[in-house]
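Start from chain P and add chain D according to the hints.
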Amino acid sequence: MFPEPIILEPTVKTPEVIFDKENNIFQIRGRSISENSHEFFLPIKDWLTEYFKHPNKLTKLILNFDYLNSSSAIQISNIINMFEKNYKKNIDVLLVWQYERGDELIENTGIELNIISDVPFVTEIFEPEEFEKFDFDFDD
Amino acid sequence: MTTNTIYQFYRLLEKDAISFSYRGSFSNNVLTMATQLFKDNVEEKHERLRNKLSFLMIESFQNISRYADTEESLNLDENSEFFMTRNIGDTFYVISANLIDNDKIPTVREKLERVNTLDKSELNKLYREVLTNKQINEKGGAGLGFIEMVRKTKGKLPFDFVTIDNKRSMFFMQIELRNPKEDDGLPSISLSDAKQIQALVAQENILMMHKGDYSEDAIGPMLKMVEENMQNVSLKIHKKIFHFLVEILQNISKHSYAVNGKHEGIFQIGYENKRYNIGTGNFILNTEIKNLKTQLDTVNNKTVDELNEMYRKYLREGKTTKSGSAGLGLIDLARETEDKINYEFVKINDTYSFYSLTVKF
Numbered sequence: 001m002f003p004e005p006i007i008l009e010p011t012v013k014t015p016e017v018i019f020d021k022e023n024n025i026f027q028i029r030g031r032s033i034s035e036n037s038h039e040f041f042l043p044i045k046d047w048l049t050e051y052f053k054h055p056n057k058l059t060k061l062i063l064n065f066d067y068l069n070s071s072s073a074i075q076i077s078n079i080i081n082m083f084e085k086n087y088k089k090n091i092d093v094l095l096v097w098q099y100e101r102g103d104e105l106i107e108n109t110g111i112e113l114n115i116i117s118d119v120p121f122v123t124e125i126f127e128p129e130e131f132e133k134f135d136f137d138f139d140d
Numbered sequence: 001m002t003t004n005t006i007y008q009f010y011r012l013l014e015k016d017a018i019s020f021s022y023r024g025s026f027s028n029n030v031l032t033m034a035t036q037l038f039k040d041n042v043e044e045k046h047e048r049l050r051n052k053l054s055f056l057m058i059e060s061f062q063n064i065s066r067y068a069d070t071e072e073s074l075n076l077d078e079n080s081e082f083f084m085t086r087n088i089g090d091t092f093y094v095i096s097a098n099l100i101d102n103d104k105i106p107t108v109r110e111k112l113e114r115v116n117t118l119d120k121s122e123l124n125k126l127y128r129e130v131l132t133n134k135q136i137n138e139k140g141g142a143g144l145g146f147i148e149m150v151r152k153t154k155g156k157l158p159f160d161f162v163t164i165d166n167k168r169s170m171f172f173m174q175i176e177l178r179n180p181k182e183d184d185g186l187p188s189i190s191l192s193d194a195k196q197i198q199a200l201v202a203q204e205n206i207l208m209m210h211k212g213d214y215s216e217d218a219i220g221p222m223l224k225m226v227e228e229n230m231q232n233v234s235l236k237i238h239k240k241i242f243h244f245l246v247e248i249l250q251n252i253s254k255h256s257y258a259v260n261g262k263h264e265g266i267f268q269i270g271y272e273n274k275r276y277n278i279g280t281g282n283f284i285l286n287t288e289i290k291n292l293k294t295q296l297d298t299v300n301n302k303t304v305d306e307l308n309e310m311y312r313k314y315l316r317e318g319k320t321t322k323s324g325s326a327g328l329g330l331i332d333l334a335r336e337t338e339d340k341i342n343y344e345f346v347k348i349n350d351t352y353s354f355y356s357l358t359v360k361f
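In order, the protein sequences belong to chains P and D.
Residue 37 in the working numbering is what sits at position 37 of the first sequence, and the numbering runs on without skipping anything.
Residue 81 in the working numbering is what sits at position 81 of the second sequence, and the numbering runs on without skipping anything.
No wet-lab data here; the hints were simulated from the structure.
Check each hint, because a few of them may be wrong.
Claimed, not checked - If you want the footprint, here are the derived chain P segments under chain D, 3+ residues with CB under 8 Å:
| id | region |
| --- | --- |
| 1 | 16 to 24 |
| 2 | 39 to 52 |
| 3 | 110 to 116 |
Stated by the list, open to error - Partner residues aside, some chain P positions facing chain D, computed with beta carbon under 8 Å:
| id | residue |
| --- | --- |
| 4 | 8 |
| 5 | 12 |
| 6 | 35 |
| 7 | 64 |
| 8 | 69 |
| 9 | 73 |
| 10 | 74 |
| 11 | 126 |
Just so it is clear, CB atoms sit at the ideal spot from N, CA and C, and this is done for glycine as well.
Looking at chain P on its own, in the form it has when it is part of the complex (with noise of 0.2 Å):
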């Protein structure tokens, strides 16, 4: 099915990115902190462009960071833009911010970027133990 899914493993500088059409999973998970995080994100957003072609009934992205350096949040805030480009064309999207408890700068950054654009955005916590479980459970 086009466009063939996106699914890059987490390294220890970029995030874990799934990006499946068929399966209607859209996040983008860690760490964040590459000097070319444009690189990175391009072939993500080219992916975008094609599927909003012809997107899902609801396209839930899903961000949740522990580390994002600014060359990054710049080029979340182009994903989000292109986003916030289909919401006005009527499509259904909802972005939604995860951090964890007590992590103040992914939470600001949350509420910076929703502040500047005009899109469903909600903040959510969530508890890293839940994760951990969880990436044991798929490592195994």
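The following block gives chain D in isolation, referenced to the frame of chain P:
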């Protein structure tokens, strides 16, 4: 820690290709990361020394925890344990300093003096004796560590005890590992250098210091090490330090002036009056100073609201930094630091200067 401290250390460590020092309570984590740091970053010609160096770092490190008897305290003071590894020319140095009870000094001194006077075959003999006799003292070593250090380096172990009071002294020791295949002809660094560095690190309340090549590849293991060592710090502070370290170090790798093809830089993390400091230093072309200074002054003179406004504008426009305007990284840094960003430029020659920066959290 001030911008001048960074410059002072830069001068002290001028010849170091890589150096790393750590002060405070020791965990195996620090050790793992420090050995990794050197494994990943030593030059190819020293590759054969890697395993030996790791071994010596481990021995030296464990020696600290073995002899560091006096009650462990969470507060850092001028007598906190200190560990340092340096690479200068074709030689590696592993330096340790820790408190020792005065009544243990004669035993340690005797062991060290003995290994320092033995020749190769005598050392091997002693090594086997100690191994077979299993004469292990209550602290789990019969000087085997010292014997191994001398055997592996084929040199002596300079050491000293600096009296603090009638109960305790500071025990300094230095291991020197030369590359037998290379000879840079440089004289050895004396133990008094190590003492001077330790004293300054303590005086300036520095927890961790690194000097080396800040090309992108080199930053990874360092960040990992800092992160692993921040586990006992609150999540909020830990994330902030890590976040800004990423920004600052990437800034060095991107914008610093490369001398002899290396983006040389130094970074320090300090803790003073219950606040963390990050300090960095690197070279910059003289022609770029004016522009950078404008950027720094711009963000320093903005209120938090104005900075937030700038930050949003940058995010919204979604563009990467153009020269002539303050980058998102600097704006972000200025938003989060409790004081202004302190900076200083020291002219090195007509081409470049030393640029140091400190921020507090």
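Comparing the hints with the structure gives:
1. 16 to 24: violated (count 0)
2. 39 to 52: violated (count 0)
3. 110 to 116: Check passed, 4 qualifying residues.
4. 8: violated, 18 Å
5. 12: Check passed: Cβ of residue 12/P comes within 6 Å of chain D, closer than 8 Å.
6. 35: With a minimum Cβ separation of about 5 Å from chain D (threshold 8 Å), the hint on residue 35/P holds.
7. 64: Where the cut-off is 8 Å and the nearest Cβ of chain D is about 14 Å from residue 64/P, the hint is violated.
8. 69: holds, 5 Å
9. 73: holds, 6 Å
10. 74: Holds, about 5 Å.
11. 126: violated, 13 Å
When the structure is compared with the earlier hints, violations turn up for hints 1, 2, 4, 7 and 11 and for no others.
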